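If you read the protein sequences in the order shown, they are chains A and B. Following this note's numbering, the numbering of the first sequence begins with 1 at its first residue and continues without gaps. Following this note's numbering, the numbering of the second sequence begins with 1 at its first residue and continues without gaps.
Honestly, the hints are just simulated from the structure, not real lab data. All values derive from a computational prediction rather than experimental measurement. Each hint should be verified, as a subset may be incorrect.
What the hints assert, rightly or not - When the alpha-carbon atoms are kept at most 27 Å apart in a straight line, the in silico BS3-like pairs for lysine-lysine are as follows: (1) B:K69 to B:K57; (2) B:K57 to B:K68; (3) B:K42 to B:K63; (4) B:K57 to A:K9; (5) B:K79 to B:K42; (6) B:K42 to A:K14.
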Amino acid sequence: NAGVTQTPKFQVLKTGQSMTLQCAQDMNHEYMSWYRQDPGMGLRLIHYSVGAGITDQGEVPNGYNVSRSTTEDFPLRLLSAAPSQTSVYFCASRDRVTDTQYFGPGTRLTVL
Amino acid sequence: EDQVTQSPEALRLQEGESSSLNCSYTVSGLRGLFWYRQDPGKGPEFLFTLYSAGEEKEKERLKATLTKKESFLHITAPKPEDSATYLCAVGQPGNTGKLIFGQGTTLQVKP
Numbered sequence: 001n002a003g004v005t006q007t008p009k010f011q012v013l014k015t016g017q018s019m020t021l022q023c024a025q026d027m028n029h030e031y032m033s034w035y036r037q038d039p040g041m042g043l044r045l046i047h048y049s050v051g052a053g054i055t056d057q058g059e060v061p062n063g064y065n066v067s068r069s070t071t072e073d074f075p076l077r078l079l080s081a082a083p084s085q086t087s088v089y090f091c092a093s094r095d096r097v098t099d100t101q102y103f104g105p106g107t108r109l110t111v112l
Numbered sequence: 001e002d003q004v005t006q007s008p009e010a011l012r013l014q015e016g017e018s019s020s021l022n023c024s025y026t027v028s029g030l031r032g033l034f035w036y037r038q039d040p041g042k043g044p045e046f047l048f049t050l051y052s053a054g055e056e057k058e059k060e061r062l063k064a065t066l067t068k069k070e071s072f073l074h075i076t077a078p079k080p081e082d083s084a085t086y087l088c089a090v091g092q093p094g095n096t097g098k099l100i101f102g103q104g105t106t107l108q109v110k111p
């Protein structure tokens with residue numbers, strides 16, 4: 001039972017490049033989400049999904065795309081990276097019975 | 001507007017010196033108050049969930065309490081390994097699972 005896994009762990013992009021941050025969970029949780037963490041800002045919700053085929057926007061969705069084709073995977077796409085997207089990104093999945101959200105180890109992204 | 005504020009931003013304690021971290025919140029309908037621990041370079045690790053005013057939960061040297069407007073994380077006789085950033089989050093109404101996080105309190109416990 002690996003829990004929530006994220007790849008890559010580190011990434012450097014140039015402005016305008018695109019990339020996908022991968023997230024997978026093996027706990028059969030319906031709910032998954034993406035947060036970004038910036039100094040002094042706390043974690044902010046980007047997008048979330050309440051099940052396969054269902055996604056919705058969080059607090060800071062601009063510049064990011066998501067899709068949910070399976071229960072296990074919830075990738076986050078940056079279509080055209082900007083320096084403002086330099087951050088640490090965390091994926092989480094939620095146990096609906098206990099309300100507990102389990103976080104992945106994070107991806108540290110730098111956009112030059 | 002839903003909001004979560006944690007204080008202090010940083011706290012330095014001597015080993016064995018007990019203290020409390022504060023999390024104050026304003027939310028239209030609380031669906032749980034959550035405490036997480038985060039070590040440098042790692043993801044948040046779940047500690048507690050509280051749902052009702054007056055509720056308390058304990059784990060080793062940590063005890064979390066909840067009132068209608070705030071939560072406290074009490075640390076009794078801390079050890080250096082308790083050094084971490086402690087995050088508080090409130091669940092928003094409905095079954096969306098959306099959380100609003102505070103900025104965190106960074107705790108350093110010196111031997």
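Hint check:
Taking the CA atoms of B:K69 and B:K57, the gap is near 17 Å; set against the 27 Å cutoff, the hint holds. Distance check on the hinted pair: B:K57 and B:K68 sit about 16 Å apart at the alpha-carbon level, within 27 Å; holds. For the suggested pair B:K42 and B:K63, the alpha carbons sit about 23 Å apart, so the restraint of at most 27 Å is met. Taking the CA atoms of B:K57 and A:K9, the gap is about 33 Å. The hint is violated against a cut of 27 Å.
Between B:K79 and B:K42 the CA atoms are separated by roughly 20 Å; this keeps the pair inside 27 Å, and the hint holds. Restraint check for B:K42 and A:K14: the C-alpha separation of about 25 Å stays at or below 27 Å, so the hint holds.
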